[in-house]
Amino acid sequence: MNNKNHFKIKAQVPISIIIHGGNYLGYLLAQTLVEQGSQVVIIDKYTNSTKKYANQLKKKGDVTFINFKGAKPFLENLGRIDYLYYNLNNKLEQEDSFTSKTFLTETDTLNLSLKYAQKFKAKITILTSLRLNRELSNTINRNDVTQPSPYSNIELQKYCENLTAEFRDQTKANLRIIRMGTILGNGIEKISDPILHNLISDGTSKNQINIVGEGLDIHNIIDENDAIYGILKLTFSDKTRGEVITLTNKTDLTTLSIAYKLLELNVTAQTIKFVPSKSTNLVLQDLYLPAPNASKYGWKQQGQLETTLINQIHKYYERHDQKWDISSKKISQKKTSTLEIATTKGKIMNMIKNIFKKKDSGKIFTEINYGKMSLNLLLVTLSFLFIYFLLSPIVGIGIGGTIIASNTDKLKANISSYDFDEARSNLDTIENHLGRVKHNTNRLNWIFVLLNKTNLLSEIDTLFLGLDYAIDSGDDLLAGLEPLAYYIKDFQPAINFDSSTPSTTREYRDYLNNIEENLYLTNDGTYKLKLANEVISSVVVEYFPQTFQDDILNLKSSITEATTSLGSISSISNFLPKILGNTERKRFLILLQNEGEIRSTGGWISSYAIVGIEGGQIRELFVDDIYNADGTLRIQNKTFTPPQSLANSLEITDYSFSLVNWYPDLYEVLLESETFVNALGKGDDLDGVITIDIAFIQKLLEKWDGIEVPGESELITSENLYSKIFKMHEEFTPGSTTKSTFLANLANETVTKILSSDFSEYSNIASIFEESLNEKHLQAVFKNNEATQFFDDKNWDGQLDSKYLSAPISIDWNWGGNKANLYLKKDHSLNIVLDEKVITYTYEINVVNESKKDVYPEGRYENYLRIYIPSGSKVLSIAGIENNEYDIYNENGFKVVGGWFNTDIQDSNTFIIKYKVTKSDLGTYFPVSMLNDNAFFDLNIFKQPGSKQESYVLNILYPEDWNILESDDLTSISNQLTRRFDLVSDTQFDISWTTL
Amino acid sequence: MKNFKTAILITTTLLALSVLIYFLPTDGLINKLPIINRFYNNTTLEIISINGKAKVSIDNVEYGETPLTINDLDQGEYTVTLERISNTETFYNKQTFNIKLTKNTTSRIEIEIGPAGILHGSILYYTPQNNKRNTGTLSILCDVDTSKIYIDDEYVKQTPLTKHELPVKEYDLQIITNNYETLDLPILIENGYMLNIKAYLFPIPVNFDNANDE
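Protein chains in written order, with this note's numbering: chain A, 1 to 996; chain B, 997 to 1210.
None of these hints come from the bench; they were simulated from the model.
Every residue gets a Cβ at the ideal spot worked out from N, C-alpha and C, and that includes glycine.
Incorrect hints may appear among the rest.
25 Å max Cα-Cα, derived SDA-like pairs, lysine to any residue [what the hints assert, rightly or not]: (1) K783(A) x N514(A); (2) K530(A) x Q1154(B); (3) K1153(B) x P1199(B); (4) K794(A) x N1187(B); (5) K1159(B) x L965(A); (6) K1165(B) x S458(A).
Calculated Cβ distances over 12 Å to all of chain B for the following chain A residues [to be verified]: (7) Q118; (8) S152; (9) T251; (10) E264; (11) A291; (12) N369; (13) T381; (14) S416; (15) R436; (16) R634; (17) T675; (18) D687; (19) S767; (20) Y843; (21) K852; (22) T971.
Pair ranges (Cβ atoms, derived) [what the hints assert, rightly or not]: (23) D428(A) x E1166(B): 35 to 41 Å; (24) N774(A) x G1113(B): 23 to 29 Å; (25) K837(A) x T1142(B): 20 to 26 Å; (26) K874(A) x E1166(B): 46 to 52 Å; (27) D969(A) x K1090(B): 41 to 47 Å; (28) D1141(B) x S558(A): 17 to 23 Å; (29) K914(A) x T1131(B): 47 to 53 Å; (30) D1180(B) x K837(A): 51 to 57 Å; (31) E1166(B) x Q644(A): 56 to 62 Å; (32) F448(A) x T1131(B): 17 to 23 Å; (33) Y543(A) x T1131(B): 18 to 24 Å.
Next up, chain B with everything else stripped away, as it sits in the complex:
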């Protein structure tokens, strides 16, 4: 009887501990510790607007004008608003993007804001991912579906590309589709992370010369 009670007591204790561990917010506690939290806040956000300057707000807080590099934000998701600085008020729309910051990585917004909400460029950020040794993962989504993806001049597949494993190193990425400007950017694949890219392609203006051929 005593052994039975002891067994119940031990089982209950083990289960209680297991439940406690499940509900214990370890990350939440650790990233509030004075010195360790620096490791958690070690993030970089680069914002570049091509062919023009833009006012930058992050979560409704103004941060200045592009180009901008912001360090030491807490890791998490942020809402970045870019407002192209122009004399024509209504020509360029305010653009809002959500971007994730992950500790020890750099997230990057490199965008050209065109008229009527047309964009060209990329949003790039890393998220943690279990990878095999010396490999990383790449995901690409493009605003023009079925655009062709080339990595170091090798055709990979059409967009979207998800969870594509690559050896850790720097690559040259090209996203190409007919009637749109090609997007060309260097990327760095890192072990333990997935590189998320959202690409925006700029439509090439229509050339009417061919219509008069006949």
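For reference, chain A alone in the conformation it holds in the complex:
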């Protein structure tokens, strides 16, 4: 086949000639060269075997097959040769010995090829056999080994290598000799090394592997892919010029080791049989020293021996039309690594590649797909951002909100059932999840910014701050108030109002001590709750979506309610242990007052009780009618000197217990009472006094829808209480116990019901207590400073202190012996003209007596009125006092204007007083204070205890150059502040101006 006329040399395309390229190695080499863009010419005999490879190669690209017969003219006329691969190995494998003609022909072909290649300065590679070179070496080194025949393949290789070496010496051609190891692989149909061929043939087709001799002869093998890679690498490298190189795996293998490996791989043969050798060629000790290995020139073995062997075994089984049932477990496919470049950067790249390489990939060479890698990286990043900044926060807020809501309900239930440990656990859970919800909300900040909802974000932030405070306070309050809760829960009175015999000896000293020890927690909790309330109250609900607005409003009101009630409870904790006698017995006087007949501290004293408390338990209880007390003292000829003002005003000389509340200051009443209590033999001193108006009991009865009182045939309600008292009053004779027994029984039932209430009922009753204290139907003053301070802060202590110097105080004293106050209508008007130095007050009281007849309980309102004003004030005018006969005197730090201000039935009356106070007279007590460029006026209007809801009109005129800063709900018109309100409790206005 002459391809001379068809072969066209393409510019820029290298031309590679492979002589003896018609075998599998030539095929692989040609295929690789074509893939790399080379024109390939294979020169070989045209046989069935070579034809197969030639046909396959033609399909792959630019490959030309030249028969040896036409080789010479082809080469002669070839315009260029870039690479010459002389695959002498192929020739040497075909036969062990040749004829002389064949021998000479081969050497001529080699000589000719070298010359033509050198003509074009081509790179030349001569491929020879390492195995034959080893055999040649052994024959030379050992005398006992038979010498090869002159035309053997060993000799041919020797001759050709010498010829090549001489050619190189003469021409300095770019030439190298590569001695190939035995090539194995799944394309090798028959292994060139006969011993290995027999070994694998036996292993794949027989029951045993026969090894001739000891099996210690050495074999060098190489994977087919490694062989191609090595040939190309060594040819292209200039460093190999003029060198003889060994291209094989570095490890020498003995026949025996390969046989064992075959057994290990579970081939057909299961045993090894050693067959005695008849030949003298067997080597006992191999002294062969191979040429430098290709690895010296940068070649690196890639194929693992086991993999190569397995591939070869598969091929042999295929030859025998058999299947090899090798367990996949037997194949240990060690991971291959590809070293990109043997430099530091290359190693780094290799590491990166390894990360992205598929672990189960059998590929030796794996390319990094940087585009895909970047895409994956981007996708992962975007997914992370999506989850972290959108999905996770939304899911988190949902989960957190649900857990918080659920635990809030449980918390309430656990507190109600006094399970404080569980409640603490609920609170911890709420705190934990609130923190998480907050973090999640922070991660959504970008949405708020994007939607321009920064106001909402700010409000949410405020809300979280408030909730943080609230939860912090909850922790402290739970721990602080736990002993108080248990005290309320476990308390059982040892004595009731019926009997003074103790029914139990149980004390609660430990509870009280614990309350005291945990006080710092209670106070801290209250502090935080106050902050929480302040913060949450400042949240602007309108910024939130409609769906949440109701919830936030509910939260606001709940937190305000909690702050108010818990604030009070925690304040009470400050003094409760002392009041309840944790260290010593405490004794208190309780005055039951009837405000239908108003007196200074609320009303006519109907009954009194003395209660002794120690260790949190009632240890002493005495209750009696006030007339009995007076009668007892009269019988005992015990007389008392009345206060001067009382004697002067009412023109009496006898002072009785029933008049003990002449002073409007409850603390003075406490001190005055001690004398009477002592005279009655009920102890030397008192620790406090508590006044209870009928109105308070009425409120409780209204809440409870009445109460059963022993000895009474009907339910006692708020409606029939007064009629019952009036009836008993009419029927009362000194020494009678009817009234006191009824009131004692009523008090006993009331206290029992209060103390047996659970927590939820307690909150209802607590509101009545608070309301009554605010309205002054219930008052208490103690010798304990903290207790009095607490009551004073809330205006519950009934003391006239300096804060009331800012407005006139009116005190009525019904001396008509009737209950005319139940039929009165009263209103007040106060006009104040102020500047920074002088305040002028004009105070007016209007009374309408709606009594229809002058019969008990109705009648003429005989009232001794006292107006308390600052002691340094100057009275300018007084009108409305009967006969204009009034007294002015100083008492307890106040100036008192007193006189009869009576009102007949179905009549009205007006009292007016005008006075002024100056800064020079009052000093620090002057109600207007100046600080820098600000003026402050704290106005406290005193409500007389026991008085009903009375109308009050307030007008304040201030200098025109002052600008109002805080008006505290007063209506501001020009330089005037005004307001009309009902005086149901002490009322305070904190007003401030700028005076610039």
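Use these hints to put chain B onto chain A, whose structure you have.
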């Protein structure tokens, strides 16, 4: 069908990851890392008792006498007990305060312990807060309600004061109310924090001279 299954799988995975992130205690993990935890423990607590010395216990551990500066406590809430050193055992009560320590901030207790539990001074600590740029927040609570707050001599409002925003800088704070000693202290407003102050005012002893004027 395959796409539907894939969608369910992806959705489930995303939700599972979201839930995992929610429950992952990131802060808890980070502040246990060897070097990073120093950043979390970077707190300072100063305790000063005015006009006298006091024994200091923090969470029932004795730390010595005032004045005291303690560094590197973990951030969190602590219970500080001050016991004024005095020859009269029952004259001064033991005082207990809760105080928060926040990383990279200084908390301060500066208190005069008077007889019968009367206190004068302040407790000051910072808590993290989202603020606008260059602003911080101030909260003040006083044991005497409706005391007047002045910042750099400007009247602000009555106590309590909550979440009051101020530019970042140092200020002079005064808390004033009638019949109580004025509390005067310098404060530093910092961005990203709320300064919490609890103030205690000392009642001025009553002067009876005026009562005899008439």
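Against the structure, the hints come out as follows:
Taking the CA atoms of K783(A) and N514(A), the gap is about 23 Å. The hint holds against a cut of 25 Å. At most 25 Å may separate the alpha-carbon atoms for a hinted pair to count; K530(A) and Q1154(B) meet this at roughly 14 Å. A C-alpha spacing of about 21 Å is found between K1153(B) and P1199(B), which places the hinted pair at or below 25 Å, so the restraint holds. For the hint linking K794(A) to N1187(B), the alpha-carbon distance of about 38 Å lies beyond 25 Å, and the restraint is violated.
Under the criterion of a C-alpha separation no larger than 25 Å, the hint pairing K1159(B) with L965(A) is consistent with the structure, at around 20 Å. Among the hinted pairs, K1165(B) with S458(A) is consistent with the structure: their alpha-carbon atoms are about 22 Å apart, no more than 25 Å. Non-interface status of Q118(A) relative to chain B is upheld: no Cβ of that chain comes within 12 Å, the nearest being about 65 Å off. Taking the minimum C-beta to C-beta distance to chain B, about 67 Å, the non-interface status of S152(A) holds against the 12 Å cut.
The Cβ of T251(A) sits about 47 Å from the closest Cβ of chain B, beyond the 12 Å cut-off, so the non-interface label holds. The Cβ of E264(A) lies farther than 12 Å from every Cβ of chain B, with a closest approach of about 43 Å, so its non-interface assignment holds. Chain B leaves A291(A) outside its interface by the beta-carbon criterion, the shortest separation being 57 Å against a cut-off of 12 Å. With a closest Cβ-Cβ approach of about 23 Å to chain B, N369(A) is found to remain outside the 12 Å limit, as its non-interface label requires.
Distance check for T381(A) against chain B: the nearest CB is about 14 Å away, which clears 12 Å, and the non-interface claim stands. Non-interface call for S416(A) relative to chain B: holds, since the shortest CB-CB distance, roughly 26 Å, exceeds 12 Å. Here R436(A) does not stay apart from chain B, with its beta-carbon only about 6 Å from theirs, under the 12 Å limit. The Cβ of R634(A) lies farther than 12 Å from every Cβ of chain B, with a closest approach of about 36 Å, so its non-interface assignment holds.
Taking the minimum C-beta to C-beta distance to chain B, about 24 Å, the non-interface status of T675(A) holds against the 12 Å cut. The Cβ of D687(A) sits about 17 Å from the closest Cβ of chain B, beyond the 12 Å cut-off, so the non-interface label holds. Chain B leaves S767(A) outside its interface by the beta-carbon criterion, the shortest separation being 21 Å against a cut-off of 12 Å. For Y843(A), the condition that its CB be more than 12 Å from all CB atoms of chain B holds, with the nearest at approximately 20 Å.
Under the 12 Å C-beta cut-off, the non-interface status given to K852(A) relative to chain B holds; the minimum distance is some 45 Å. Taking the minimum C-beta to C-beta distance to chain B, about 21 Å, the non-interface status of T971(A) holds against the 12 Å cut. One distance hint, 35 to 41 Å for the beta-carbon pair D428(A) and E1166(B), holds here, with the actual separation near 38 Å. Range check, N774(A) to G1113(B): Cβ separation about 27 Å, and the 23 to 29 Å hint holds.
As the Cβ distance of K837(A) to T1142(B) is approximately 24 Å, the hint placing it in 20 to 26 Å holds. Distance hint check for K874(A) and E1166(B): the Cβ-Cβ separation is about 48 Å, which falls inside the suggested range of 46 to 52 Å. A hinted range of 41 to 47 Å holds for the C-beta pair D969(A) and K1090(B), which are about 42 Å apart. For D1141(B) paired with S558(A), a C-beta distance near 22 Å keeps the hint of 17 to 23 Å intact.
Evaluation of the 47 to 53 Å hint for K914(A) and T1131(B) yields a pass: the beta carbon distance comes to about 52 Å. At about 27 Å, the CB distance of D1180(B) to K837(A) disagrees with the hint of 51 to 57 Å. Between E1166(B) and Q644(A) the Cβ separation comes to about 59 Å, which falls inside the hinted range of 56 to 62 Å. In this structure the supplied range 17 to 23 Å holds for F448(A) paired with T1131(B), their Cβ-Cβ distance being about 18 Å.
Under the hint 18 to 24 Å, the C-beta atoms of Y543(A) and T1131(B), about 19 Å apart, fit the expected range.
Going down the numbered hints, you'll see the structure goes against 4, 15 and 30, while the others check out.
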